[in-house]
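Participant: Chain residues, written in single-letter form:
Number of protein chains: 4
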Amino acid sequence: MGSVWGNAIKLSIFGESHGGGIGCVLDGFPAGVPYDEAFILAEMDRRAPGKNRQSTARREKDLPKVLSGVFEGKTSGAPISCVIENTDTRSKDYRNLIEQPRPGHADYTGRVRYQGCNDYRGGGHFSGRLTAPLVFAGAMCKLFLRSKGIEVGSHISAIGQIMDTPFDDVHVPTELLAKLRTQAYPVINPRAEEAMLVQIDQAREAQDSVGGIIECAVTGMPVGIGSPMLSPVEGRLSSILFSVPAVKGVEFGAGFSIAAMRGSEANDCMYLDGDTVKTETNNNGGILGGITNGMPIIVRAAIKPTPSISREQRTLHLIDQQVEPLVIKGRHDPCIVTRAAPVIEAAVAVAVTDLYLEAYGYARS
Amino acid sequence: MGSVWGNAIKLSIFGESHGGGIGCVLDGFPAGVPYDEAFILAEMDRRAPGKNRQSTARREKDLPKVLSGVFEGKTSGAPISCVIENTDTRSKDYRNLIEQPRPGHADYTGRVRYQGCNDYRGGGHFSGRLTAPLVFAGAMCKLFLRSKGIEVGSHISAIGQIMDTPFDDVHVPTELLAKLRTQAYPVINPRAEEAMLVQIDQAREAQDSVGGIIECAVTGMPVGIGSPMLSPVEGRLSSILFSVPAVKGVEFGAGFSIAAMRGSEANDCMYLDGDTVKTETNNNGGILGGITNGMPIIVRAAIKPTPSISREQRTLHLIDQQVEPLVIKGRHDPCIVTRAAPVIEAAVAVAVTDLYLEAYGYARS
Amino acid sequence: MGSVWGNAIKLSIFGESHGGGIGCVLDGFPAGVPYDEAFILAEMDRRAPGKNRQSTARREKDLPKVLSGVFEGKTSGAPISCVIENTDTRSKDYRNLIEQPRPGHADYTGRVRYQGCNDYRGGGHFSGRLTAPLVFAGAMCKLFLRSKGIEVGSHISAIGQIMDTPFDDVHVPTELLAKLRTQAYPVINPRAEEAMLVQIDQAREAQDSVGGIIECAVTGMPVGIGSPMLSPVEGRLSSILFSVPAVKGVEFGAGFSIAAMRGSEANDCMYLDGDTVKTETNNNGGILGGITNGMPIIVRAAIKPTPSISREQRTLHLIDQQVEPLVIKGRHDPCIVTRAAPVIEAAVAVAVTDLYLEAYGYARS
Amino acid sequence: MGSVWGNAIKLSIFGESHGGGIGCVLDGFPAGVPYDEAFILAEMDRRAPGKNRQSTARREKDLPKVLSGVFEGKTSGAPISCVIENTDTRSKDYRNLIEQPRPGHADYTGRVRYQGCNDYRGGGHFSGRLTAPLVFAGAMCKLFLRSKGIEVGSHISAIGQIMDTPFDDVHVPTELLAKLRTQAYPVINPRAEEAMLVQIDQAREAQDSVGGIIECAVTGMPVGIGSPMLSPVEGRLSSILFSVPAVKGVEFGAGFSIAAMRGSEANDCMYLDGDTVKTETNNNGGILGGITNGMPIIVRAAIKPTPSISREQRTLHLIDQQVEPLVIKGRHDPCIVTRAAPVIEAAVAVAVTDLYLEAYGYARS
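Chains as they are written, first to last, in our numbering: chain A, 242 to 606; chain B, 242 to 606; chain C, 242 to 606; chain D, 242 to 606.
None of these hints come from the bench; they were simulated from the model.
As the structure is a prediction and not an experimental result, all values here were calculated from the model.
Take these hints with a grain of salt, some might be off.
As the list claims (entries may be wrong) - Below, in silico cross-link-like pairs of lysine to aspartate or glutamate (EDC-like), each with a Cα-Cα straight-line distance of 20 Å or less:
no., chain 1, residue 1, chain 2, residue 2
1, D, Lys-519, C, Glu-506
2, B, Lys-570, A, Glu-435
3, A, Lys-420, A, Glu-435
What the hints assert, rightly or not - Selected chain C positions facing chain D (Cβ under 7 Å, derived; list incomplete):
no., residue
4, Leu-421
5, Gln-424
6, Phe-483
7, Gly-490
8, Phe-493
9, Gly-496
10, Gly-504
11, Thr-517
12, Thr-556
13, His-558
14, Ile-560
15, Val-564
16, Pro-566
C-beta atoms are modelled at their ideal positions from N, C-alpha and C, and glycine is treated no differently.
Based on the sequences and whatever the hints tell you, model everything.
Facilitator: This is how it looks when you write it as structure tokens:
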């Protein structure tokens with residue numbers, strides 16, 4: 242329990258937003274995967290703050306310094322460790338939050354959990370900044386998965402009430418995933434993108450924030466991966482997806498809308514495409530009985546609006562024991578969803594790598 | 242990985258629908274909890290099939306035989322094991338499904354996963370029948386949690402398009418949870434219940450099935466339970482909730498609808514109620530930063546319509562390599578949601594017990 | 242933590258000596274392994290009590306009833322569960338031990354650990370009887386390992402001060418392991434066997450007991466299995482070997498005697514035997530850096546003398562708060578080492594199967 | 242599996258001897274433990290090489306840089322991460338070892354395990370240098386345990402054939418443990434120390450090395466910690482002790498010598514010392530049925546002689562496929578046992594902390 246995840250691989254994430262550094266250790270990662278630094282940095286850059294008006298003004302290079310596990314340009318099989326410096330920290334912004342915990346944040350729960358000892362500055366270990374090492378780990382896993390023909394990609398499915406065109410869940414082209422990776426805003430429908438940006442601007446102008454949904458796809462997954470009952474693919478993916486701060490819902494395939502379907506609609510009928518068993522629809526999101534069926538895995542994560550907003554709120558002051566006005570200083574994204582896609586993908590990539598390695602082991606060439 | 246779940250407690254579920262028996266082992270369960278057999282049997286009965294026209298005609302007593310872990314009327318601290326016989330099995334019903342796997346079922350994925358060796362009769366280890374030992378384990382956990390002032394209860398939030406009145410998420414009375422436990426259909430709003438039954442009848446008449454949503458609440462949870470980052474309360478609960486067959490979505494608090502909220506709406510403002518810190522709203526479902534905040538935990542699970550339907554479907558015949566008509570014989574629930582509430586509660590109770598024991602250990606009196 | 246072990250497979254053992262039954266669940270076991278009932282029963286029989294004057298007079302058939310995980314003569318891939326009845330229980334023998342815990346037994350520690358709630362009769366969950374399901378699980382694992390060319394066997398290395406001829410650690414013939422399995426006393430040197438039986442007889446006559454050492458070998462192990470640092474093969478094997486009641490020491494290769502060696506003696510020099518890398522000596526017991534090197538794994542476990550002895554002892558009476566005489570009634574082995582070989586082998590077979598599956602996974606290439 | 246250990250805490254160790262740095266992450270560590278830097282550095286210094294003629298000439302400061310988990314002088318509850326630089330690396334020394342793996346080292350097994358991709362320089366991830374972060378983690382755990390009245394200490398029990406006076410296993414004074422910590426050679430009997438140094442000198446002069454045994458004690462441990470069957474205290478301790486490179490045997494209490502005892506000797510009779518249940522002897526090493534009994538935990542680890550020796554050996558050359566002479570260049574300890582005591586203590590301290598936290602949890606009462 243804690244900041245460690247996985248079975249065949251173990252990902253350990255450490256660090257506090259304004260501490261001596263953040264980073265991760267990725268244990269059990271296969272040997273011999275070429276280390277593609279440009280790819281890693283591009284992934285880190287997709288998540289990095291400060292790139293546009295939608296995200297926080299904090300600017301950090303987020304350069305991961307790899308201390309171990311990479312040797313002569315390839316993974317060595319030993320634990321991969323990386324450290325990212327905290328370079329742009331303005332701790333004084335957060336002082337008043339000790340006494341008046343921010344609503345929607347972990348200030349109060351963290352304080353109780355750690356008996357008042359936790360580093361509260363900038364959210365400490367709870368900070369969204371901790372997703373940077375997750376993206377690093379996810380990028381490593383994507384490199385491995387790519388060597389097995391498996392791709393992980395995503396788009397912004399919704400921001401506020403604006404919905405993007407959903408993935409064609411029975412056929413998600415690799416080219417589309419590649420294109421989305423390079424977009425400033427990974428949205429399929431350009432008109433939806435425009436409307437989303439308007440929503441964000443309106444939220445910023447109102448000194449408020451807005452949430453959204455990321456839809457993620459995994460293609461090229463072999464059939465027969467995963468386990469029934471207490472360790473299904475959905476459970477494994479969801480357990481790491483809820484680790485991404487602000488995620489409050491996770492659904493697969495038709496998800497919550499399957500509840501209103503009839504069985505005759507929801508059932509995905511099988512057919513043969515050449516030698517491959519496929520399904521005509523993909524309401525089960527590529528997973529049946531907890532096990533992959535070879536169709537794309539489709540998963541969506543609901544992301545709450547950034548709890549840090551500039552407009553005045555009223556909430557409990559712990560010393561005064563009164564509900565009092567609160568104005569949160571500092572730099573805040575009016576919408577973190579625009580930066581969330583690579584984080585969701587990273588979580589999925591880590592989980593899929595774990596599932597893959599359980600199925601095939603480390604000893605197979 | 243597989244049919245084992247938990248950290249401080251470990252639940253191992255075994256059995257196949259038409260095999261020698263099903264059951265579970267619950268390891269690490271605290272010593273000294275009085276074994277309330279009447280309560281256990283009542284919980285088993287809530288899940289049991291054959292009670293009304295909404296559920297399968299298969300009738301089984303589902304009497305759990307406790308082999309170990311209970312001594313002189315209390316839990317002994319040793320692993321609690323229970324076995325439930327399979328008494329009413331008609332295996333011949335399922336023979337033709339080897340060659341033509343049922344859509345929406347694990348027939349095909351199970352066959353690939355286990356290289357054709359798995360017991361396919363009645364779904365084998367994938368059968369919904371395997372939720373019976375989960376309900377047993379959940380009932381044991383409820384007895385423990387009750388001794389700590391924690392209650393777990395649920396209602397049918399939706400069947401098809403009919404929605405029940407949601408829980409008042411800032412105050413879920415113990416009496417309401419107790420009342421729902423005793424109802425044939427745990428629905429808060431009697432008119433919704435009527436409309437739901439109509440939906441189910443219509444599905445049955447159409448030889449079809451219908452899905453739904455269960456909303457579950459945990460009350461009395463202490464503040465400060467759980468861990469940030471890679472082991473949040475949401476991740477722990479979701480990993481076992483997706484273990485319940487047919488669950489395709491899990492959300493906490495406002496869930497997916499939080500995506501369309503503004504931060505100023507979504508943030509739960511804190512206040513003091515006597516000595517207790519509470520929040521005015523509960524959009525975060527009792528969990529902030531992965532850690533409980535003392536408010537009720539609110540979680541919803543989307544359940545797909547029973548994939549076994551009587552009406553003719555078309556799907557792949559693996560030998561003929563053709564899409565052919567399929568008529569599924571046997572007895573099927575037109576709606577499993579009516580029996581799902583105790584199963585969802587059981588999964589939640591097991592997870593909450595695990596989280597509780599991690600926090601307080603086994604050595605505290 | 243508790244009565245569950247493993248990573249790729251999970252073994253859960255349950256039951257109390259005089260309770261409703263004992264058994265195990267073996268999760269994650271590969272599909273398609275033929276179920277050889279005669280072999281399983283022969284293994285159970287090797288451990289069973291009551292066969293000769295060296296072991297307890299308690300006679301139980303110890304027939305494992307397999308409830309799940311075996312289908313049409315092969316493992317199905319679903320959890321394998323087995324239940325063994327407790328047929329010959331004389332609980333009244335143990336009544337007085339609540340107040341005066343037996344020295345060398347878990348009576349006192351179990352009582353504190355479980356706040357006085359544990360089933361104390363016959364040792365309850367601490368009973369040596371719980372090794373019966375371990376032997377069942379080990380027998381299943383041996384069937385799997387045999388299909389991969391891996392054999393696990395052992396002999397009684399010492400009873401009291403009498404030592405058997407050790408294994409030739411660089412070459413342990415499969416025929417020798419097979420022969421030892423069929424012997425009433427698995428001893429290599431017949432003269433040592435005779436002397437050992439004399440030691441046991443002397444202990445019985447003195448109403449006392451005597452300990453010993455089991456030496457176990459694993460042959461046919463591929464090179465490159467296991468992991469360095471915190472999960473070495475030695476650590477994995479030892480963690481389950483110390484689970485066998487009465488084991489107080491575990492050593493590999495030269496073991497404790499390596500401490501008195503010079504490096505030039507201890508180092509195992511490599512050579513090529515055909516295409517295979519071998520070592521001239523095997524002081525490292527087939528493991529270097531926590532990873533198998535292809536030589537036989539050699540491991541020894543020290544087993545303490547049965548703590549239940551007929552002769553009078555003096556120990557604390559918890560109510561009287563006085564050291565008082567204690568006479569333990571009931572049936573006791575003067576030497577459990579004669580029955581320990583299949584148990585030690587079972588523990589090793591379970592661990593080696595777990596290590597093997599981590600390396601090669603569950604999916605066929 | 243891999244370089245991660247623990248349940249309630251998770252220790253993740255990373256790094257390669259000549260790579261970008263080594264270190265560890267300690268997850269789940271309790272909040273509020275004062276960070277005593279002087280103590281940490283003193284522990285690191287006890288393990289550090291280059292201090293005397295018995296150890297390697299390599300000199301490194303081994304200063305742990307703490308990046309996270311310590312805030313305002315106390316542990317924050319978030320993962321504690323530390324990085325140690327590799328400052329004095331002479332990689333060219335190790336070049337020839339790719340083709341001719343050193344006997345007694347992991348050169349060959351590591352190469353197979355990681356398909357030739359691992360960093361072989363200086364042993365890479367297999368290097369004894371990786372014990373430095375383990376000592377750091379152990380020092381943190383000692384600080385926690387000390388706050389609970391638990392002490393961990395050790396002495397050199399044997400070097401070659403020279404034995405130290407053993408601990409008085411029923412009473413290990415805290416003062417003795419404190420004194421041993423400050424000694425250059427933690428030996429109880431000064432004459433034994435002298436004789437040990439002579440053994441080491443003789444080995445060095447012979448361009449050879451010598452092994453030994455560390456005996457470790459844990460005092461102040463509460464009764465009733467640990468679990469029976471598959472997770473006993475012995476199994477937990479041994480699984481991390483075998484993670485210390487060169488350990489080939491682990492025993493508790495009387496250990497292997499218990500095999501030659503009679504039951505009447507081996508049984509530890511209980512008596513009352515004030516309110517405390519104690520035993521007259523401690524042949525079970527403070528553990529009965531896998532659970533602590535309140536007596537000191539006594540554990541010994543056998544350490545093989547340094548495999549890197551200066552004198553010429555003969556071993557397989559993988560390219561030439563011939564057994565050829567090998568001379569290992571570089572700097573080598575003729576005896577690592579003199580530096581092993583703090584490492585063994587660290588492993589024990591980590592395991593005991595894990596066991597303690599499982600028993601008492603992370604939440605305050």
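Participant: Confirm or reject each hint.
Facilitator: Here is what the structure says about each hint:
1. A hinted pair counts as satisfied when its Cα atoms are at most 20 Å apart, and Lys-519/D with Glu-506/C does not qualify at roughly 43 Å.
2. Only pairs whose Cα atoms come within 20 Å are accepted, and Lys-570/B paired with Glu-435/A is rejected, the gap being roughly 52 Å.
3. For a cut-off of 20 Å, the pair hint linking Lys-420/A to Glu-435/A stands: about 18 Å separates their Cα positions.
4. With its C-beta approaching chain D no nearer than about 19 Å, Leu-421/C sits outside the 7 Å limit, and its interface hint is violated.
5. Taking 7 Å as the C-beta cut-off, the interface hint given for Gln-424/C is violated, the closest approach to chain D being about 20 Å.
6. A distance limit of 7 Å between C-beta atoms decides the matter here; for Phe-483/C the minimum to chain D is near 4 Å, and the interface restraint holds.
7. Interface restraint check: Gly-490/C against chain D, minimum CB-CB distance 3 Å, threshold 7 Å, status holds.
8. For Phe-493/C, the shortest C-beta to C-beta distance to chain D is roughly 5 Å, which falls under 7 Å, so the interface hint holds.
9. Look at Gly-496/C: its Cβ gets to within about 4 Å of chain D, closer than 7 Å, so that hint holds up.
10. A distance limit of 7 Å between C-beta atoms decides the matter here; for Gly-504/C the minimum to chain D is near 4 Å, and the interface restraint holds.
11. Proximity of Thr-517/C to chain D is violated relative to the hint, the smallest CB-CB distance being about 11 Å (cut-off 7 Å).
12. Residue-level restraint check for Thr-556/C holds (minimum Cβ-Cβ distance to chain D is 5 Å; threshold 7 Å).
13. Interface hint at His-558/C: violated, since its Cβ lies 9 Å from the closest Cβ of chain D, which is beyond the 7 Å cut-off.
14. Because the smallest distance between the Cβ of Ile-560/C and any Cβ of chain D comes to about 12 Å, over 7 Å, the interface hint for this residue is violated.
15. The interface hint given for Val-564/C holds, since its Cβ lies 5 Å from the closest Cβ of chain D, which is under the 7 Å cut-off.
16. The beta carbon of Pro-566/C comes no nearer than 11 Å to any beta carbon in chain D, farther than 7 Å, and the hint placing it at the interface is violated.
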